[in-house]
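Peer 1: Here is what each chain is made of, one letter per residue.
2 protein chains.
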Amino acid sequence: MSYTAPLKDMAFVVKELAGLDQIAQLPGCEDATADTVEAVLEENAKFCSEVVAPLNHAADKEPSFWHDGQVTTSKGFKEAFRAFVEAGWQGVAHPQAYGGQGLPKLVATPCLEMLNASNLSFALVGLLTDGAIEALQTAASDAQKAVYLENLITGKWTGTMNLTEPQAGSDLAAVRSRAEPQADGSYKLFGTKIFITYGEHDMAENIIHLVLARTPDAPPGVKGISLFIVPKFMINADGSLGARNDVHCVSIEHKLGIKASPTAVLQFGDHGGATGYLVGEENRGLEYMFIMMNSARFGVGMQGIGLAERAYQQALAYAKDRVQSRDLAGSAGPVTIIHHPDVRRMLMSMKSQTEAARALAYVGAAISDIAHYHADAEVRKRNLAIYEYLVPIIKGWSTEMSEHVARDGVQVHGGMGFIEETGAAQHYRDAKILTIYEGTTAIQANDLVGRKTVRDGGAVAKALLADVRATQAALAARDHADFAAIARGLAGGADALEAVVDFVVAHAKSDVKAVFAGSVPYLKLAGIVLGGWQMGRAALVAQQKLDAGEADSAFYRAKIGTARFFADHFLSQAAGMATAITTGAAGVLALDEAQF
Amino acid sequence: MSYTAPLKDMAFVVKELAGLDQIAQLPGCEDATADTVEAVLEENAKFCSEVVAPLNHAADKEPSFWHDGQVTTSKGFKEAFRAFVEAGWQGVAHPQAYGGQGLPKLVATPCLEMLNASNLSFALVGLLTDGAIEALQTAASDAQKAVYLENLITGKWTGTMNLTEPQAGSDLAAVRSRAEPQADGSYKLFGTKIFITYGEHDMAENIIHLVLARTPDAPPGVKGISLFIVPKFMINADGSLGARNDVHCVSIEHKLGIKASPTAVLQFGDHGGATGYLVGEENRGLEYMFIMMNSARFGVGMQGIGLAERAYQQALAYAKDRVQSRDLAGSAGPVTIIHHPDVRRMLMSMKSQTEAARALAYVGAAISDIAHYHADAEVRKRNLAIYEYLVPIIKGWSTEMSEHVARDGVQVHGGMGFIEETGAAQHYRDAKILTIYEGTTAIQANDLVGRKTVRDGGAVAKALLADVRATQAALAARDHADFAAIARGLAGGADALEAVVDFVVAHAKSDVKAVFAGSVPYLKLAGIVLGGWQMGRAALVAQQKLDAGEADSAFYRAKIGTARFFADHFLSQAAGMATAITTGAAGVLALDEAQF
Chain V
1 MSYTAPLKDM AFVVKELAGL DQIAQLPGCE DATADTVEAV LEENAKFCSE
51 VVAPLNHAAD KEPSFWHDGQ VTTSKGFKEA FRAFVEAGWQ GVAHPQAYGG
101 QGLPKLVATP CLEMLNASNL SFALVGLLTD GAIEALQTAA SDAQKAVYLE
151 NLITGKWTGT MNLTEPQAGS DLAAVRSRAE PQADGSYKLF GTKIFITYGE
201 HDMAENIIHL VLARTPDAPP GVKGISLFIV PKFMINADGS LGARNDVHCV
251 SIEHKLGIKA SPTAVLQFGD HGGATGYLVG EENRGLEYMF IMMNSARFGV
301 GMQGIGLAER AYQQALAYAK DRVQSRDLAG SAGPVTIIHH PDVRRMLMSM
351 KSQTEAARAL AYVGAAISDI AHYHADAEVR KRNLAIYEYL VPIIKGWSTE
401 MSEHVARDGV QVHGGMGFIE ETGAAQHYRD AKILTIYEGT TAIQANDLVG
451 RKTVRDGGAV AKALLADVRA TQAALAARDH ADFAAIARGL AGGADALEAV
501 VDFVVAHAKS DVKAVFAGSV PYLKLAGIVL GGWQMGRAAL VAQQKLDAGE
551 ADSAFYRAKI GTARFFADHF LSQAAGMATA ITTGAAGVLA LDEAQF
Chain B
1 MSYTAPLKDM AFVVKELAGL DQIAQLPGCE DATADTVEAV LEENAKFCSE
51 VVAPLNHAAD KEPSFWHDGQ VTTSKGFKEA FRAFVEAGWQ GVAHPQAYGG
101 QGLPKLVATP CLEMLNASNL SFALVGLLTD GAIEALQTAA SDAQKAVYLE
151 NLITGKWTGT MNLTEPQAGS DLAAVRSRAE PQADGSYKLF GTKIFITYGE
201 HDMAENIIHL VLARTPDAPP GVKGISLFIV PKFMINADGS LGARNDVHCV
251 SIEHKLGIKA SPTAVLQFGD HGGATGYLVG EENRGLEYMF IMMNSARFGV
301 GMQGIGLAER AYQQALAYAK DRVQSRDLAG SAGPVTIIHH PDVRRMLMSM
351 KSQTEAARAL AYVGAAISDI AHYHADAEVR KRNLAIYEYL VPIIKGWSTE
401 MSEHVARDGV QVHGGMGFIE ETGAAQHYRD AKILTIYEGT TAIQANDLVG
451 RKTVRDGGAV AKALLADVRA TQAALAARDH ADFAAIARGL AGGADALEAV
501 VDFVVAHAKS DVKAVFAGSV PYLKLAGIVL GGWQMGRAAL VAQQKLDAGE
551 ADSAFYRAKI GTARFFADHF LSQAAGMATA ITTGAAGVLA LDEAQF
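Protein sequence lines correspond, in order, to chains V and B.
With our numbering, the residue at position 6 of the first sequence is 6, and numbering never jumps.
With our numbering, the residue at position 585 of the second sequence is 585, and numbering never jumps.
Just so you know, the hints here were simulated from the structure itself, not pulled from any lab data.
Be a bit skeptical, because a hint or two may be false.
Below, a list of computed lysine-lysine pairs in the BS3-like style, where the Cα atoms sit at most 25 Å apart [said to hold, decoys possible]:
| id | chain 1 | residue 1 | chain 2 | residue 2 |
| --- | --- | --- | --- | --- |
| 1 | V | K46 | V | K15 |
| 2 | B | K61 | V | K61 |
| 3 | B | K320 | V | K513 |
| 4 | B | K61 | B | K78 |
| 5 | V | K320 | B | K61 |
| 6 | B | K46 | B | K156 |
| 7 | B | K15 | B | K46 |
Source: prediction; values computed, not measured.
Isolated chain V, as found in the complex (with noise of 0.2 Å):
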């Protein structure tokens, strides 16, 4: 059940997929030498194998629990927070100014991978720590971001994201706690947050919640909603804690996974009103929270690598330490079980599908960097665009694979995988979380379909296949049948894609049902697509590698090896899902809701 970080497919992947040495270059970025990411890289990998990966199953097993508002996390958590924190991994890119260490984005995907990948219950407290930090930095006053942003970044106050309520669920229309103005220019909020990771633990001293709530002249809807800081202490002038807020857990969720991380209900001002501040200016709320949310999305992408590649793992280990049965094509005994054919073929599909994800998402990091810190500013708003259109494919994408990955995972193992004590059901238990939180999966194709697609009628979506068949058509000058086969597969697979932009493009406003029945198998699409394509990028490198006769040829041939396997296995299906989706609205609507 232990946790190795692959760092050379990272290492890969970051230099010769996403760019580093580019990255290096933009303003701002110039500590992320390939020397010092490196070692970064290294040291994180040290830190989550060794202290934090020891601790999932354990807590699995001995969760969090709440006793009369407090809630006390499992065991060895409190410690390993203090360790992360004290090295400095909570703040590896936000700013110096406040304690961060200022590296791209593209460094700390990575290390976030490493982490959830050690534990995911653990994880999710920094992860929500990290979405309150980007909303403060982007919307708070220099006052609040005086008092927040350090105390944050350096993990001495975690932070929370307080969204939903029990009658609205995803629909933010319908939230409705109150925030009543305070002659002071505090406020006084009430009502009742469900669902809120970390909303109440023992690991820091004070807890930053993030809250959505309406004012009381708000418009109703989206637009009437603000975001407020209520502290779970008050912070007096000097930067110590005072008082209680009016802030209370008054239970955790018993969850089919992520056990060890609090789901809290949290009722505020039940004692006469919980103290908020507003952020930023009234009925802005869900635009702040949604800078919020873009992070934890991607967030809980590389949630879903991590926790792929772990699973993997698991299930590799297994598969050679396990003795069973002869060899099909002959053996004086039993054999270890990855000889089998189908055990291969599913430790392949975990590792072609964790690869490609983990490609397109570290991709999407370095864009993200560069449409952050490019000096032209109509680069940045190019590769912006590029970005926000990745952000839901990545995030939707890599955790519905890694539900069928923890699924493989279990398989692998047979009888043992559902026996809990083997550790391969809880990474099926806590899988089924990722599809789920910060946007269901049809929230994030509803964003892919509506704000990311027919808004520019396309446009991203085109430009990014062109890229594709510009790497179709390098892999098929490749006179080499593994290069031939991925070519054929990424040809189908754009051919796909394209009819599918096409069709959403063309029947958004005259056929909007048929085009959102399609939209979660048009993210999903995409992700193979996209995720295809970086694995058709990844074969040419390691090729050239070989080429030039670089060491390490065993890892390149895998990586042709891997990449064919994709093509054969998934994007041979592209042009199936295209049926589909173009095809498949009648089928999706036909029934009144009676006939059910």
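Once you have looked at the hints, place chain B on chain V.
Peer 2: Below, chain B alone, put in the same frame as chain V:
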């Protein structure tokens, strides 16, 4: 969380697709008149939904537990099992001579679905007992039949299946439990068996273990395994229970799902030897156990279908109740989530797969009845071959399908699905065993490839494909968009399956690993094509009913819409699956073990 048996769809499939009228004309099946069958299914539905289903969720929360060798089952299980056997439900398909009802498998099959939909953990005790009954009926001596059969059929005792040992897993060649012959003709058994479902419990007065073990001079491998009866309590000459036998439950497993079903580790012979009785001839144990396994494999397929139905019903109820967000086409306020296209896509996916798998399984049951009861030996033989081709598909595809359906069931619930109290998560956990026990999907797929396809050169598969193409032609002859779409899907499906069968037959000897690298995808493809075939047949019948002006037109129109959904969303994937199977082996086998 209630369960309502889908009696309308069951009756439709039993009568219109599986041909109850023809089955009732077989010698020995005369009791299975339409009226009798309707009454049996209604009574069974009432019992399952009122007595068994309400225990499901509570039993998951408070599962069976072990103490000092004894297992106490979940609250209500003991009483429900008494009521179950007293009503005669254990014996639906078993001989009247031993207290059964002697009804055809086609009638027992919907009963099995209902019981499993109600409570997978509870149903397992009967499923294993069914297998023991069939094995004894085929292989035991008359004296043994007289002692055991009636007591098993009436549920006074229950049966188990003892194959797996820690070192052997699915590889029965590695079984090493020993059976030493005694002077009185009995044997003393020694060894450890794991994963023994209901290997110990408090629901019946005796447990009859059927155990695989080796006699002293047995040849190695699977040809040296014999089958033994090892009762928990010895049976006196007058039928009363005697001394406790030397078989003991040393622990039960802590599992991901089906928690209420005790999974025992059984220790044989730690106190001098467990008394056992040889069944049939020495060294033919595996052959006899296969009788039990084939019965159990079909039964596990029904578990998948039952679970899928239950998960679908729960998701549907939630989708019709939960109000969230406006209708995409515009609405005054938020609507129930069944209005949202992606929720509807998931519901249709769940519904259509469940109906397709049900139709295929019930048709398989009817074919099994013909194989058993038909007067003409040639007809029996032909149908037995078809049934045996279908068993791994019914087991493998229905259970793989149930994992996806249970997953979508959680997804429809959003965040609430991840909370254990909701109950959707239990189905997700429970489903995961179904693709593992009674042979993993890979083992089903090995059977499908080896014994069921290669051995006869694809003859049975091709015969089925001819029937598929006949249905396809009938669909294409209908001048209607839905039928055209179903016909198109089925044509693509038949082409894909035919290409794969040809590939399997052509390469089984020359490239065995390439063939088995695609075995599970072949099994899934066969499930989709044959399930789609049944949906196509269903659509044709439904249209005939509509053309004839029959009542309940909503049901028939829904059936056509559901068949169309299945074609557009699943049959459309067939061509890509065939590509993955016929070209995908290079990627599966690309890496050396060290490259992983």
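Peer 1: All hints, please: hold or fail.
Peer 2: These are the hints, each one checked on the structure:
1. K46(V) x K15(V): holds, 20 Å
2. K61(B) x K61(V): Holds. K61(B) to K61(V) sits at ~15 Å (cutoff 25 Å).
3. K320(B) x K513(V): holds, 18 Å
4. K61(B) x K78(B): holds, 17 Å
5. K320(V) x K61(B): violated, 35 Å
6. K46(B) x K156(B): holds, 23 Å
7. K15(B) x K46(B): Within the cut-off at roughly 20 Å; holds.
Checked against the numbered hints given earlier, this structure breaks only hint 5.
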